[in-house]
Amino acid sequence: MNGRTLTATLVTTVLLATTSGAYAGTTLNAVKERGYVKCGVSDGLPGFSYADEKGKFSGIDVDLCHAVAAAVFGDSTKVKFTPLTAKERFTALQTGEIDVLSRNSTWTSSRDSALGLNFTGVTYYDGQGFLVNKKLGVKSAKELDGATVCVQAGTTTELNLSDYFRAHKMKYTPITYDKSDESAKALEAGRCDVLTSDQSQLYAQRIKLAKPGDYVVLPEVISKEPLGPVVRHGDDDWFDIVKWTLFVMVDAEELGIDSKNVEEMKKSTNPDIKRMLGVEGDKGKDFGLANDWMAVVVKQVGNYGEIFARNVGKGSPLQIERGLNALWTQGGLQYAPPVR
Amino acid sequence: MAAYTLTPARPSFWNNPEIRAIAFQIVALAATVAFGYYLFENTQTNLRRLGIASGFDFLSSSSGFGILQSLIPYSETSSYGRVFWVALLNTLLVSALGIVLATLLGFVIGIARLSKNWLIAKLALTYIETFRNIPLLLQIFFWYFAVLRAMPSPRQSLSVGEAVFLNIRGLYLPAPQLQPGFGWVLAALGLALVLVAILVRWAHRRQLGTGRQFPAISVSLALLLGLPLLAFWLTGSPLVWQVPELHGFNFQGGLAIIPEMASLLLALSIYTAAFIAEIVRAGIQAVSHGQTEASFSLGLNPSLTLRLIILPQALRVIIPPLTSQYLNLIKNSSLAAAIGYPDLVAAFAGTVLNQTGQAIECIAITMAVYLTISLLISLLMNGYNRRVALVER
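Residue numbers (this note's numbering), protein chains in the order written: chain A, 1 to 340; chain B, 1 to 393.
Calculated directly from the structure, the hints in this document are not laboratory data.
Yeah, the Cβ is synthetic: ideal placement off N, Cα and C, and Gly gets one too.
Be careful, since some hints might not be right.
[As the list claims (entries may be wrong)] Lysine-lysine pairs mimicking BS3-like chemistry, simulated, CA-CA at most 30 Å apart:
no.: 1; chain 1: A; residue 1: 243; chain 2: A; residue 2: 283
no.: 2; chain 1: A; residue 1: 185; chain 2: B; residue 2: 331
no.: 3; chain 1: A; residue 1: 171; chain 2: A; residue 2: 208
no.: 4; chain 1: A; residue 1: 179; chain 2: B; residue 2: 331
no.: 5; chain 1: A; residue 1: 211; chain 2: A; residue 2: 171
no.: 6; chain 1: A; residue 1: 185; chain 2: A; residue 2: 54
[Stated by the list, open to error] Per the computed footprint, the stretches of chain B lying under chain A, defined by three or more beta-carbons under 8 Å from a beta-carbon of chain A, are:
no.: 7; segment: 49–57
no.: 8; segment: 233–247
Working from the sequences, and respecting the hints, build out all of it.
Right, dumping it as structure tokens:
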């Protein structure tokens, strides 16, 4: 029995067995009682969620989980990670196996509605692209008619791929695997001509190939892929906490607060900064958390710019530009409501 | 003297064992139904509360994704219901081919295992012990990742006469294209089949009556080959072969056997054949040696002995465990998901489930399908078993 069937069976069993009213409004209490946050992450995507040889996870999605733990417990280490495949992720969240899903998942209307989930924000603005071997001599995605394409099963990528080829009246053969690693290996072996995925993932997969230099990401971006953390419907308090954890990190970058200067910033005269760091007012308490939780998040995990640079940006092997993910003040899309 | 008539004391209503038995059964049934209803209601409530869509409406909405292999016309605009049929047919295809191959291979190896030739017997033994004792999933991985991944790229394909090509994308064969007159060839084949059936019955009756044999097999073969060939020639060869051609990235046209399917089929048939071989050996050994001796003393040669005396008796022992192996093979075919072959579990209980989020419906449909297929096979095999079973007089 493979993992997917097992999960699906578990889901069915759990849905059959849980009594009603088990989650409503109580995720925070359950998390506090348990003593750690259960966070669903990717099963291996450098820059987003990747376990090193010691089994320690790192990445932008992982840092979001650490930030939620810092918000709830004042200790960013109080989190347990569950690596999930694309197919398992939503059912794991629906059944309460995890408290928050932070697994480069695209925010779409059907996931918000039919799946009974809430996306809390956008940690990374992405778009779908194509990775091909240079040997093929392909310069544009429009030259891919008749190609064999590797794609991860059960993703929006799979749907965008079919839309794109249909819109351009081209044919393709899809090869779908459960894990992105399998797709990358299939590309390397030549089972498929093209690997398609979110561009950030393509860069991440490329550095794992034996000869990264032989492969090139095509210029076309064929979709909008806003990736963000997800929680279950029906628990607005928990939804607020996860949502504002990300907002706080973005606001902190905008206000110039980072993990190193946060203590000094507490002495700042700027009322925005004072409110956020819990020096003035009780904005933190309104969430049912410690009054200075926002300061703790920034201190222990960092602001948005720091986690971006550390995991996928200039401070990482991926070397991805900020681009769309720059702050709105710098021509990007990252914008958070004010703490007020 | 007064005679005592002993009427058995009527037990009181609640002490009557018959009434009690019925009452307990009613209680048990009611409890089961109530429990089932509770589960159903609870699920419904939970789904509503979590805001998860339920029901089977999703089957008619369009899928929007492509599928690697489809036996019926399918495109991205087809419905999820269509995906179900595509996936089911893929499962049935690999299962049916697997059952045929595993049976043939299993019978040959099982008989070889009992061969008097030391080398053949030991080779069969090695085969059985090797493939029976390696997990099936590993065998699938072996064929897929170790053997078929080592094939060359499409542009460096291995080819036989520029008509058959083998590369990492699969085995490409020329595909027969039927032309208008081909119906006559099929008609001729049908006629040949009817003639053969009549011939075999006549030959059998003549042998029973007179003891004279008729070379039914060779005449049948001649009929089966000759009549269609004659029709083929008379109608002016109404068949052309479409040869696969390298066009752009891949070979176009012709018949393609994808490596996902090939490795699954190889692994399933080789693995199951090892078990079938042991079943066949056991079945043959279950026929007492006296039968062979009696057959020899009647003057039958070893191959006739095997065909007419041993196998018919061995089949009675073989059929029931063979059925289990068939059922296992069908259920094992769901391991397809591990290598991306779009079977029922991978494409329907996997991709469709994930795109729609309707886990309960998808899993329920999939389980119902496997149950139905397995029960049907059991029914067929049990029917066959009743026919060959020992009729006691």
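Verify the proposed pairing of residue 171 of chain A with residue 208 of chain A, using a straight-line Cα cut of 30 Å. The hint holds at about 29 Å.
Going straight from one Cα to the other, do residue 185 of chain A and residue 54 of chain A come out at no more than 30 Å? holds, 23 Å
Claimed coverage, the segment 233–247 of chain B by chain A - three or more beta carbons nearer than 8 Å: violated (count 1)
Against the 30 Å threshold, does the CA-CA distance of residue 243 of chain A and residue 283 of chain A hold or violate the hint? Holds, at roughly 15 Å.
Next pair to validate is residue 179 of chain A with residue 331 of chain B; report whether the Cα-Cα distance is within 30 Å. holds, 23 Å
Proposed proximity, residue 331 of chain B with residue 185 of chain A (alpha carbon, max 30 Å): holds, 28 Å
Starting from residue 211 of chain A, check that the Cα of residue 171 of chain A is at most 30 Å away, please. Cα-Cα ~28 Å, so holds.
Check, residue by residue, whether the segment 49–57 of chain B contains three or more positions whose beta-carbon lies closer than 8 Å to a beta-carbon of chain A, and give the verdict. That given contact holds, which follows from 5 residues of the segment 49–57 of chain B lying within Cβ reach (below 8 Å) of chain A.
In summary, the structure is inconsistent with hint 8 from the numbered list given earlier, while agreeing with all the others.
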